[in-house]
Structure formats: C-alpha cells, structure tokens
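Protein chains: 4
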Amino acid sequence: MTQLSEALAGARVYDLEQPRYAGAPVLPPHEPGLLLKLHRRHEPGLGEARTSASALLVMAEHSGTHIDALSHQAEHLELHGGVAVNAEVQTPEGFTRHGIDTVAPLLTRGVLLDCADAGHEIGADDLARAAEGVEIRRADVILVRTGAGALWEDREAYLAAGGIDASGSRWVAEREPVAVGADNIAWDVFGRDDPELGSLPGHLLLLVRAGIYIIEALNLEALARDGVREFAFVCLPLKLRGGTGSPVRPIALV
Amino acid sequence: MTQLSEALAGARVYDLEQPRYAGAPVLPPHEPGLLLKLHRRHEPGLGEARTSASALLVMAEHSGTHIDALSHQAEHLELHGGVAVNAEVQTPEGFTRHGIDTVAPLLTRGVLLDCADAGHEIGADDLARAAEGVEIRRADVILVRTGAGALWEDREAYLAAGGIDASGSRWVAEREPVAVGADNIAWDVFGRDDPELGSLPGHLLLLVRAGIYIIEALNLEALARDGVREFAFVCLPLKLRGGTGSPVRPIALV
Amino acid sequence: MTQLSEALAGARVYDLEQPRYAGAPVLPPHEPGLLLKLHRRHEPGLGEARTSASALLVMAEHSGTHIDALSHQAEHLELHGGVAVNAEVQTPEGFTRHGIDTVAPLLTRGVLLDCADAGHEIGADDLARAAEGVEIRRADVILVRTGAGALWEDREAYLAAGGIDASGSRWVAEREPVAVGADNIAWDVFGRDDPELGSLPGHLLLLVRAGIYIIEALNLEALARDGVREFAFVCLPLKLRGGTGSPVRPIALV
Amino acid sequence: MTQLSEALAGARVYDLEQPRYAGAPVLPPHEPGLLLKLHRRHEPGLGEARTSASALLVMAEHSGTHIDALSHQAEHLELHGGVAVNAEVQTPEGFTRHGIDTVAPLLTRGVLLDCADAGHEIGADDLARAAEGVEIRRADVILVRTGAGALWEDREAYLAAGGIDASGSRWVAEREPVAVGADNIAWDVFGRDDPELGSLPGHLLLLVRAGIYIIEALNLEALARDGVREFAFVCLPLKLRGGTGSPVRPIALV
Numbered sequence: 001m002t003q004l005s006e007a008l009a010g011a012r013v014y015d016l017e018q019p020r021y022a023g024a025p026v027l028p029p030h031e032p033g034l035l036l037k038l039h040r041r042h043e044p045g046l047g048e049a050r051t052s053a054s055a056l057l058v059m060a061e062h063s064g065t066h067i068d069a070l071s072h073q074a075e076h077l078e079l080h081g082g083v084a085v086n087a088e089v090q091t092p093e094g095f096t097r098h099g100i101d102t103v104a105p106l107l108t109r110g111v112l113l114d115c116a117d118a119g120h121e122i123g124a125d126d127l128a129r130a131a132e133g134v135e136i137r138r139a140d141v142i143l144v145r146t147g148a149g150a151l152w153e154d155r156e157a158y159l160a161a162g163g164i165d166a167s168g169s170r171w172v173a174e175r176e177p178v179a180v181g182a183d184n185i186a187w188d189v190f191g192r193d194d195p196e197l198g199s200l201p202g203h204l205l206l207l208v209r210a211g212i213y214i215i216e217a218l219n220l221e222a223l224a225r226d227g228v229r230e231f232a233f234v235c236l237p238l239k240l241r242g243g244t245g246s247p248v249r250p251i252a253l254v
Numbered sequence: 001m002t003q004l005s006e007a008l009a010g011a012r013v014y015d016l017e018q019p020r021y022a023g024a025p026v027l028p029p030h031e032p033g034l035l036l037k038l039h040r041r042h043e044p045g046l047g048e049a050r051t052s053a054s055a056l057l058v059m060a061e062h063s064g065t066h067i068d069a070l071s072h073q074a075e076h077l078e079l080h081g082g083v084a085v086n087a088e089v090q091t092p093e094g095f096t097r098h099g100i101d102t103v104a105p106l107l108t109r110g111v112l113l114d115c116a117d118a119g120h121e122i123g124a125d126d127l128a129r130a131a132e133g134v135e136i137r138r139a140d141v142i143l144v145r146t147g148a149g150a151l152w153e154d155r156e157a158y159l160a161a162g163g164i165d166a167s168g169s170r171w172v173a174e175r176e177p178v179a180v181g182a183d184n185i186a187w188d189v190f191g192r193d194d195p196e197l198g199s200l201p202g203h204l205l206l207l208v209r210a211g212i213y214i215i216e217a218l219n220l221e222a223l224a225r226d227g228v229r230e231f232a233f234v235c236l237p238l239k240l241r242g243g244t245g246s247p248v249r250p251i252a253l254v
Numbered sequence: 001m002t003q004l005s006e007a008l009a010g011a012r013v014y015d016l017e018q019p020r021y022a023g024a025p026v027l028p029p030h031e032p033g034l035l036l037k038l039h040r041r042h043e044p045g046l047g048e049a050r051t052s053a054s055a056l057l058v059m060a061e062h063s064g065t066h067i068d069a070l071s072h073q074a075e076h077l078e079l080h081g082g083v084a085v086n087a088e089v090q091t092p093e094g095f096t097r098h099g100i101d102t103v104a105p106l107l108t109r110g111v112l113l114d115c116a117d118a119g120h121e122i123g124a125d126d127l128a129r130a131a132e133g134v135e136i137r138r139a140d141v142i143l144v145r146t147g148a149g150a151l152w153e154d155r156e157a158y159l160a161a162g163g164i165d166a167s168g169s170r171w172v173a174e175r176e177p178v179a180v181g182a183d184n185i186a187w188d189v190f191g192r193d194d195p196e197l198g199s200l201p202g203h204l205l206l207l208v209r210a211g212i213y214i215i216e217a218l219n220l221e222a223l224a225r226d227g228v229r230e231f232a233f234v235c236l237p238l239k240l241r242g243g244t245g246s247p248v249r250p251i252a253l254v
Numbered sequence: 001m002t003q004l005s006e007a008l009a010g011a012r013v014y015d016l017e018q019p020r021y022a023g024a025p026v027l028p029p030h031e032p033g034l035l036l037k038l039h040r041r042h043e044p045g046l047g048e049a050r051t052s053a054s055a056l057l058v059m060a061e062h063s064g065t066h067i068d069a070l071s072h073q074a075e076h077l078e079l080h081g082g083v084a085v086n087a088e089v090q091t092p093e094g095f096t097r098h099g100i101d102t103v104a105p106l107l108t109r110g111v112l113l114d115c116a117d118a119g120h121e122i123g124a125d126d127l128a129r130a131a132e133g134v135e136i137r138r139a140d141v142i143l144v145r146t147g148a149g150a151l152w153e154d155r156e157a158y159l160a161a162g163g164i165d166a167s168g169s170r171w172v173a174e175r176e177p178v179a180v181g182a183d184n185i186a187w188d189v190f191g192r193d194d195p196e197l198g199s200l201p202g203h204l205l206l207l208v209r210a211g212i213y214i215i216e217a218l219n220l221e222a223l224a225r226d227g228v229r230e231f232a233f234v235c236l237p238l239k240l241r242g243g244t245g246s247p248v249r250p251i252a253l254v
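Residue numbers (the working numbering), protein chains in the order written: chain Z, 1 to 254; chain P, 1 to 254; chain D, 1 to 254; chain C, 1 to 254.
Rather than coming from a laboratory, the hints here were simulated on the basis of the structure. Take the hints with a grain of salt, since some may be wrong.
Pairs of lysine-lysine residues, derived as BS3-like cross-links and limited to a Cα-Cα distance of at most 27 Å, are as follows [said to hold, decoys possible]: (1) P/K37 with D/K37; (2) Z/K37 with C/K37; (3) P/K37 with Z/K37; (4) C/K37 with P/K37; (5) D/K37 with C/K37.
The calculated label-pair distances, taken between Cβ atoms and stated as ranges, are [to be verified]: (6) C/N86 with P/R155: 31 to 39 Å; (7) P/V134 with C/E88: 41 to 49 Å; (8) D/L46 with P/H76: 17 to 25 Å; (9) C/E48 with D/A139: 24 to 32 Å; (10) Z/R155 with D/T102: 30 to 38 Å.
Just so it is clear, the structure is predicted and the values come from calculations on it, not from any experiment. Glycine included, each C-beta is placed from N, C-alpha and C at the ideal position.
Model the full assembly from the supplied sequences, consistent with the hints where possible.
See the structure below:
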C-alpha cells in the first residue's frame, strides 16, 4: 500500500480531460453540453465573515470528455447481452440495467495508437500500423489519437473531424479491451454511415455487441507529444443511477 | 509503467462514492441535488436497428460525493491567498481564480481516522485518538469517518448527523494535508455555529485560510469494516471551468 | 376596440394563479417543480452605471398553475382523436401533434362551481348541486373549487387534498366545455383509482376521449369569497413547441 | 360580465408571441433560451391503458417573447424608485423587491407604431411620425414594430436587426405608458452604445428611471398587415417569485 501510494505520487500524470465550459463542442442531441450558473455569491451583508458561492450545472451525460454506459446503445431494442428494452428497463429516470452506475472504476493498462496521420476515416489497417511494436493485452484500454483533440477550442473544426470506421472498431473489438477511447466527438466518424451497419457502427459493435465501453472527447495530445505508447490508465465514472454515460477525467500514468 | 499498471490492476479498490439519484441527501442551497431525465429513448421507428438513449442532468456542484474548490469559500470577501472577490474574479459563469478546473488530479497517500464512536461533534482529541498508530505525512489526504455514511439512504437521518468541530479542523490543518474528507454532508457539524468563527468553521479554516480541499459525502464504511487505515488515494475532479466544486468518485487502493 | 379596452380596463380582475417558488406543491413526476437561480447580478465593477440581473429557470411543464395539452395523455397509446403515438409524434423534444403550442388563447365565458363542502371526492351530484342557478353553455370554461387552493402554502396538506371523481368528470364532459379547471393538484383525486378507468380517470375522460383541456392548481378563493359564479375567462398558454402543458396565469373578469 | 365575455369571445385575437423552441434567437447571457426535454413517455408496459407524458423545461426568464420586471435593471446599484441593491433585495433565488411576481395582469389599451421602414435605429422622430393620427393615452401599452419579428426563424438575421435608440425611449417614456414593447430582441439597438448612457439606454430610461415595463421579441406582423393601430391588450406575466422577467403570450384584441 505505501509502495503503491509512493508509486502513484511519483508517477508522471497525463490529464486526458478536455476543459469544460459553455460552448465547448457537443453533438446536437446533447445540447446544451454544459451550463454552469453561479447563483450563490460571495457578497457583503450576509451576516458572517465567511461566505459561500456555488453554481447549478445543467449538463448532458455525453458532454465533454465522457464514457458511454452499455445502456447508451441498443440494437433491435436490445441492450448488450440480449437485455430487452421495456418500460422496466428504460424509465424516465434512467435504466435499471447497464446504467453507468454499474461500471466499476477503470484501473488498467492502456495503450495509445497514434493515427493522427491516417486521414478522416481510420480503419483496421491504420490501427494495425499504429500498433506496431506495442503489445495489446486483453482488458487493456485502447486509446486512438485522431488528432481532433487539438481542435477543441475550435468548435466547428472539432465537430467536422474524422474518426474510426467499422473496420477499425472490429479490429479493436477483437483485442477484447475493457474500453476504448478517442479524442474526437464520437469515436465513430460522425455523419458517415457504414453501408452495412448504418450510422455510428462502432457504437453498435462495441457497446451493444461486444460490451466494450467507449470514452470520447479525450485529450491525447500530451501523450503523443511525449511519445508515450503504454501507460497505467485510471477512469472513474460517476455512479449516476441509471445513467447512459458520465463525464470523466481520465488520467494516464507513466 | 507496466509495473504501475500491474500494481493498480492488482490492488484492492475501495469505491468511496455514494450512489447518485434524485432525492439523495443534499443541503437546501444545493437543491435539487441531482435530476437525471432520460429524454432520448430506445424505441421503434427511428429508421435504424441501432438506437441511442441519453439523459439531461441538472446537478448542483455540491451534490453527492464531491470536492470543494477554494473559490467555494471566502472570508471578508477574500478567497484563499488574499484574492479579492470582485466582478472579474466572480462572474455569472463562475470564478476566474481558484476554480475547480485549477485542481490537479489527486494521487496521494491517504489515511483513515475512524471517529464513528466519537459523538455528534468530533474534536481534536477524538482525531488524535483515532490517529494513534498511524503516521500522517504532509500532503496526505486525511479522511474522517463520522459514521454518517451508513445513513445515506435515510435522507433525514443523514442530514441530522454530526461532523468535525473547529478544534478538529485546526488539528487536521496543522498536519498540512492536500485535502481532507468526511462521510457526512458538510465536514463541519451542519447547523452548529462556532462561538468564534460562526457557521461551518472548517470551511473557513481549511479552504480559505489553509488552502486545503474538502471532500464531502464520502462512503468510508468498507474501509472501516476492513480495518484499512492507510491507502493510496485517487480523486479526479472534473475541470468545470470556474466551478466551486465537482462531483467525484474517489477511490482508495490497498 | 376602444370599447373593449375600456371594458377590460374597467373590469374587476381575479388573478387565478398561485405564486411560483421552489418548494411549492408538485407531484413527484414533476419535481423539481420550479427552480429560479439568479446568476447575473447587479454588482459594482461591471464598467457601466447600468447593470442587468437575470435568472435561469428549471421548471416542469406541469408545475404550479398550469394547463394540460392533449398530448399529455394517451389511452392504449393513442392521443385524442385517434392519433397513434409513434416516434414521429412523440420525440425527445416533444410532440408533433397536440402540443401545447397548438392551443389558441382561451377567451371565453367561465363559471365557478363551488364544491368546497362536498368532501374528498367530488362527484356528479355535487357538481349538479353547485351548478344550480348557473347556466353552463357549450365552450365555457368550468372551474371547480375543491377548497384545496387555500392550502397552497402547506405542501403536505395541499397534496393530500381531494378532487373530482370519474362521475364528476363525466358530468362536466357532457356539458362540452372548452376547458375545465380546479384548485387542487391534479383535477382528479390523486392516489385514488377508479374501479373501471384506473388512476386519474378525469385525465382520460377529458383530455383523451373528449379533447377538453384541464387547468390545475388554480386559486379560486377570491372568486368564491366574492360569490362570483359567472365571469369572462382569459388564459394564455405559452407556445412551447411540442409541450405537454404550460404554466399559465389565468384571470377571471367581472 | 356576460357582456364582457361575449365581447371577448367576439373579438378578433392577435397572438403576439413568437413560437418557442430550442435554437430560437436569444442573447448570449440568456442561453440556452429554452430546452424542452420529454422524459415521461407514452409507452407500453406501464400497467394501465392511460399513460402520461411530460417534459422538463430549462428556460431563461428572458427567452422568447417576454416581459422585463423592474428588478431586471439597476443604475448605480439602485432599482427603480431608489431601492438599493443589497443582499436582502438581491438573493440567489431572486429579488425581494420589484420581482416579476409584483406585476399585475396587464389589461389596457394598446397602440402600434409601425417603424419597419425607419432603419436600424428608430428615434423620436420616427416614432412621432408613426404615431400620427393615433391618440396615445397615459397607461397605454406602446408597441413598436421594427420589422425584426418577421426574421424570427433566421436567428442570425434576427439578432442583427435594429431597435429603438435613446431618443426613442425618451419619447415613449414621456407618454407614460404602463409598458412598451417591440418585436426585436432587446427593444434597444443591441450592440450600439449611447454616447451618454452606454449600452441598452432604453433599459435604463424605462425600467430604472421611469418604472415602465419592456416587452421583447413580440410578433407584430399580423397587426401591421391588417393595419391595426389601436387595440385592447392583454399580457399575463407568470408570478415567478423574485424573477426579473417572465415569458408571456400577449394578445391584442379588436
């Protein structure tokens, strides 16, 4: 234990979360992304020297850097593992199965596949090439850099960036990671339908068919800049009961 | 690196976050705590086999298990370090100084002081007694179990539970931790004024005067049950720009 | 026209809206009722003599005094007029049929039936007795006083008050009003199932079968106190696109 | 009374409210304007033939067609009538003085001044010319058509449209209306500072100095099309306790 805390304290920490603010890139169904409204203020006249300030958040589950729960996606009205979507499973206050609150803290080995030069649609070949010289183990987290992460402050450019195509999602699924992640808005190529699977094929292949979590809108720039390809990975989703996802601040440790 | 990820993967993980749901205990200024409203649904007729579901969150920064930023508290209209509160520092969208987005990931050594038997107001003596046999180092995280954490599902009882008094807050501040935490609603004894400092004296002593973060509404039951007194501690606040706090899912590793 | 504005200006105005504030009575599915969070403030240092203050509202459509749109209720998954509920009609952002935005301003004759002495369940006989000596015409608005309106500030008592039973809803439906209203939380007797129709039978009889709007949580105390039984009635629902209801401030004029 | 309801029922009704939907024009401080999130759905499997659907609203007070309360504006930290802004008057949950809940229903005579041809900045001369042949009485509502109302569905164009300048606001204030209104986003010319009064001079002149309410984002197209210059006017602000404004659906009757 003491050794572990010393190892953690001694590690180099890479913060993989993009900053959160109103107006940051978000897909239309997840508007307004994030609103933070400071309503309690530090001000004179409250009767004590000490004062409190605090804000209300209005936030989409899938805003900013976030992780998708398995309840986020269905195929033919079934969640992963053949869980039928009905009124007991899907309620106004969230899901009674596969909610984000069922996801354990992720503490595992991570690998970075840098595909920033691979173009708008990153396929199996691109991933294989980026993985040369890196061992990928079962239950790892596989992070793919598309390069979009550098565009976060430019909303339009960020949302127009590419992603991983169906062949790429199949390639990662075969390696049986516990989760995958990317630095673009939706892992998949947003706005590009797969001929067989339709829109967001990776969401179907990974979340529904394979039960693999997807982390989106990561910032992988510093990892790439430093040439880090293997790391310890920590991601702690909030236990939002019945939620289909959670904002997170993942970190990589080397 | 590989060693670190193996060490993490091999560690026992204690999840210190309480579950999040509408109606969970919350102080009046932080109502409604959390609302999760599922608005996108899995349903037939959307044109594809794949469907998405997602929810909107309405959430107080200080709801559920959360960490306080230094901007959360002021004394005589100054934040920690003598930062004057004015319209440039305190804005409708949050703080330009000491926001939660300025807090680095917490990866450090943690200690548990179990004071569940110490009564409604936990003082310096109680903490000293609980710390017997445990080394506390500078920059540790000091977690205090009041026992309230077991009452989470009973909102009234939870909110009526005790906390740490001013002498206790002074005792921990002297040990210069990076953060402190407790399993009750507000670290301090809510509703109990200190003769000298007024309400929530620990908030003033720790956040404003000492620059020490406070983590509230932790679940420390499993740590106590297993007799764990030292551990590696990880807490990853969301970088909510200008926020006065963040919901978090802290973990302890042994 | 000039005559009309003079007539309006000369009329006695009865304000039938209950005050709106956090913590006012609301049914569980419509929590949090209303939150008003002032985030922009009048404060020094903003660079001009003039300053603006404003708030964000988080509000249920069916909070406080409000009117139900026909989309609010369905029977066997059909809205009023046999409109089938499917993914084109019912969307994450509201209804494309029978939304509150399709409701014209209500300007019509209104009658008050004072049943405050009729007990917890107000039936057809009670309404008939209260209507003695009052002509009810087609397309009127029929308002029923249960007496609950006087309890608004006592949330528990208000929510426990009675309402109109299925026989009463049938009685008013036969008179073909454009809308009905009451001063309790749900027109119907909340928590009391009809043997044939189940919960909230008036919602089914009036909104789905008869296409009659329901106005809830009115304040009818002043009308009753002054013995007003006939009046001009004005109610102006907000055109919330696709909404299932709208907060309103109805008035009666004599 | 019967006469009044017959007069109302027989009147031609002009609906002066713009439709409300996510993405409608709104000024930046009032984002997100309106969100309507349907979370309770009509769906099979809920145990009864009858089902309920309802939505949560996240809405700025000053979104869509709305009326400003006197608390919305201050000059040198004083509200209208010399009310000093302090922590008792301005609270996290709104104002204890001059809140929108203190505004009585508006039922009065209204006049339309059509200045759609007057250019980007509408001044006293433009208003005087538009008022030729129309009597304006004390306590009337004066509505000014800028022509922007026709642009509602084109957010960018709508927000770029002109408004009334300081001379125009002085001109209307001298006529002592109970309220004024316009069909643009802010009555004033948004983004255009007055040399003496700074930004939004009409807000200062009307709300703070003169105690005259301002109604914004009206739809005056139909009134103008039909050449209606005088009418009966009804506007019913919601009694949002402490609010700085309210969404409304004003109507004109002829």
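Hint check:
1. P/K37 with D/K37: holds (19 Å)
2. Z/K37 with C/K37: holds (19 Å)
3. P/K37 with Z/K37: Between P/K37 and Z/K37 the Cα gap is close to 19 Å, so the pair holds against 27 Å.
4. C/K37 with P/K37: OK: C/K37 and P/K37 at ~8 Å, within 27 Å.
5. D/K37 with C/K37: holds (19 Å)
6. C/N86 with P/R155: 31 to 39 Å: holds (34 Å)
7. P/V134 with C/E88: 41 to 49 Å: For C/E88 against P/V134, whose Cβ atoms are near 48 Å apart, the range 41 to 49 Å holds.
8. D/L46 with P/H76: 17 to 25 Å: The hinted range 17 to 25 Å holds for D/L46 and P/H76, with Cβ atoms some 22 Å apart.
9. C/E48 with D/A139: 24 to 32 Å: With Cβ atoms ~30 Å apart, the hint holds.
10. Z/R155 with D/T102: 30 to 38 Å: holds (35 Å)
Checked against the numbered hints above, the structure breaks none of them.
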